[in-house]
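Trainee: Line order of the protein sequences matches chains V and Y. Under this note's numbering, the residues of the first sequence are numbered 1 to 394, in order. Under this note's numbering, the residues of the second sequence are numbered 395 to 699, in order.
It should be emphasised that the hints constitute simulated quantities derived from the structure, not laboratory data. Check before you lean on any hint, since a few could be wrong.
What the hints assert, rightly or not - What follows is a set of in silico ranges between Cβ atoms, one per label pair, in the way DEER data are often shown:
{"#": "1", "chain 1": "V", "residue 1": "Gly-266", "chain 2": "Y", "residue 2": "Tyr-540", "range": "15 to 25 angstroms"}
{"#": "2", "chain 1": "Y", "residue 1": "Ile-471", "chain 2": "V", "residue 2": "Trp-319", "range": "52 to 62 angstroms"}
{"#": "3", "chain 1": "V", "residue 1": "Glu-283", "chain 2": "Y", "residue 2": "Phe-662", "range": "28 to 38 angstroms"}
{"#": "4", "chain 1": "V", "residue 1": "Gly-266", "chain 2": "Y", "residue 2": "Ala-505", "range": "21 to 31 angstroms"}
Beta carbons: idealized from backbone N, C-alpha and C, even for Gly.
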Amino acid sequence: MLRKPLYSLFGVLIVLSLLLAACGTAETPTDAPAEPTAPAEEPMEEEPTEAPVAEEPMEEGPCLIIGALHGGPINDAGYNQAMHESVAAIGENIDCVEIIEAENVPEEAGAITTIENMISEGAGMIIATAFNHQYPALELAGKYPDVIFEHAGGWEMSGNFANFFGEPPEAWYLMGVAAGQMTETDKLGFVAAFPIGWTLTFANAFHLGAQSVNPDVETTVSYTFNWADSAKEADATNALINQGIDVVTMHVDSPATVVSTAESRGAYSVGFQSTHAQEFAPEYWISGTGYTLGDTLTWLAGNVIDGSWEPIFLRCGLWDGCMDMAPFGPRVPQEVQDEVMTVSSALESGELVVFTGPVYDQEGNVVVAEGEVLGPDLMSAVDWLAQGMIGSPQ
Amino acid sequence: MTGLAILGVLSSALFSGASLLYATLGETINQRAGIVNLGLEGVLLISGATGIAVTSLTGNPYLGILAAVIAGGLTNIILAFLVVTRRGNQLASGLALMFFGFGVSALIGRAFVGLKINGLPRIVVPGLSNLPTRYVSLLQFDILIYLAIPVAVFVWWLLFRTRWGLGVRAVGENSDTAFASGRNPHWIKYQALIAGGMLAGLGAAHLTIAYTLNWSEFMTGGRGFIAIALVIFSKWNPIRAIAGALLFSGAVAFQLLLQASGVNVSPFLLDTLPYLLTILVLMLWGGSRKYAAPASLGRVYMGTE
């Protein structure tokens, strides 16, 4: 009889832990956080605050209302902020455009209601930036054939549904060139959320860049299995630094935790997603790369306004202005910066290609044969880590 | 390599275990007074968000810690009102408090996502500052880490060696008897919940202000539940809680070390470790009188006529 409350407590604990665990693992590997335990009221809270903004300028008659939705908070110094700034650039470049923005829309169901609300507010173009918004948006594209849908990083296409994204491998290679020269212990670290194709491609490009200037370099990849778990990211960063790694980079939603943890331990860091990460590492920052899709989105919105929009599978890289490099940190010597610029112009001219064969995997098997190149179409399906890397590609 | 790696695991365990230990100690005091606080996760989130907000606004991490501690205490007063004054069901009230915490912390933290704060300064273990730099960076801890184990000992002393602790334990065992011996069970439960909430706030402050150095929604990632499991694992004893918290955070650090050495241990399996250990402990000592839970844990005290 005395133990009864304890059993019920424990029962509840088990159920809750299973619930939390299930939410954590069921999460799709996405570029945007599908917050596992997101309470249902979250997206609801956003809508009332956004709606009044949408109503005011209606009298003026905007030439196009754009509805943009993000999976996470738009001030995360990471992916969501980069996408928010790209969308905001449309408004800065085209005066008559009105933008309705919704953030923190992690789930598919929330995305559907948000998009439908935006369309009922008169949106003629929808920009969905979270990975898992693709299918909800595609479904609604069938329902609303007059509305143009653009998705960040997807692959599905239809008459009024297309996608756009930046291509980071070249930028990652350049980050590797910088990191390979800055490391004193010849050990680099990469904190990743999930072992998915694009993440492995980024880590491989980073490692190959570092190896091109420092043949002894080793890159260790460590997974947190969550797109946004700050505490785990700090654990992983510390664990890497504790093994003598002195340059850390990451592919998670927000670079903030990894960069600030590295700074607090006196290790160098390289940022990704948004170039804002530099503020977290005033001293040990090397450089970083982030998405800057403002001009691309402005061009797409312009096409929608003048009626010339067509569905295209749009990918653009560092030299098209879709990716940007952050300034170098104060500790990066001029020679290192010059070397990065030299390699950058070689990549730009096409004289150098990141994944040119032969490329070997960790076991020494050839994964890109001599004379061949790993094309962007195969990068999302990469399931190997390059020779000299430590960690599991699964 | 190996010596450094082992030291690294210990250092990581201390860093990520400190917040867990404070939260576990807070929950231990709550449960010793007979109250299960399932809302611990929410308390941690609210305290963490408040701590970040105050640190960011004032630029002073110590004020942030103070704010987090106060926020933790205040949040637990809500639970105290529900389960002590209103005599609500503890499990239901706790769950409600957790979901309340999810929403409130997101609201408080909203403006501070992605903002940089001045973290708590780190001090090298005295006498070790002339070691090679690679070791020194492992042995630089902030004040909340240095205080974690002394605080655990203090909580033990408080519970088992003071009149106040005797009152708390008496209320947790049998409120009627405690009342008969001239104590006020309601007031003692309030005190225990406030103290527990303040300790949880200290843990959350360490997590956000000293460890991750920034705020993101739901950043505690289930640590509140791990702490509740650790309370049972440590058999409501603050000293054993030290071992529980370090064992768990050490296992996480060790898994990351294995991962980085190319050995693959499923992190999902590892996440279940505190719960597996708890089940094991319940199976082994579940029936023993010596290690039993506070007798009126989870019960509503209806008052004594």
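Trainee: State for each hint whether it applies.
Mentor: Structure-based check of all given hints:
1. Gly-266(V) x Tyr-540(Y): 15 to 25 angstroms: Distance hint for Gly-266(V), Tyr-540(Y) holds at roughly 20 angstroms.
2. Ile-471(Y) x Trp-319(V): 52 to 62 angstroms: Since Ile-471(Y) and Trp-319(V) have Cβ atoms about 59 angstroms apart, the given range 52 to 62 angstroms holds.
3. Glu-283(V) x Phe-662(Y): 28 to 38 angstroms: Holds, at about 36 angstroms.
4. Gly-266(V) x Ala-505(Y): 21 to 31 angstroms: This hint holds: roughly 30 angstroms between Cβ atoms.
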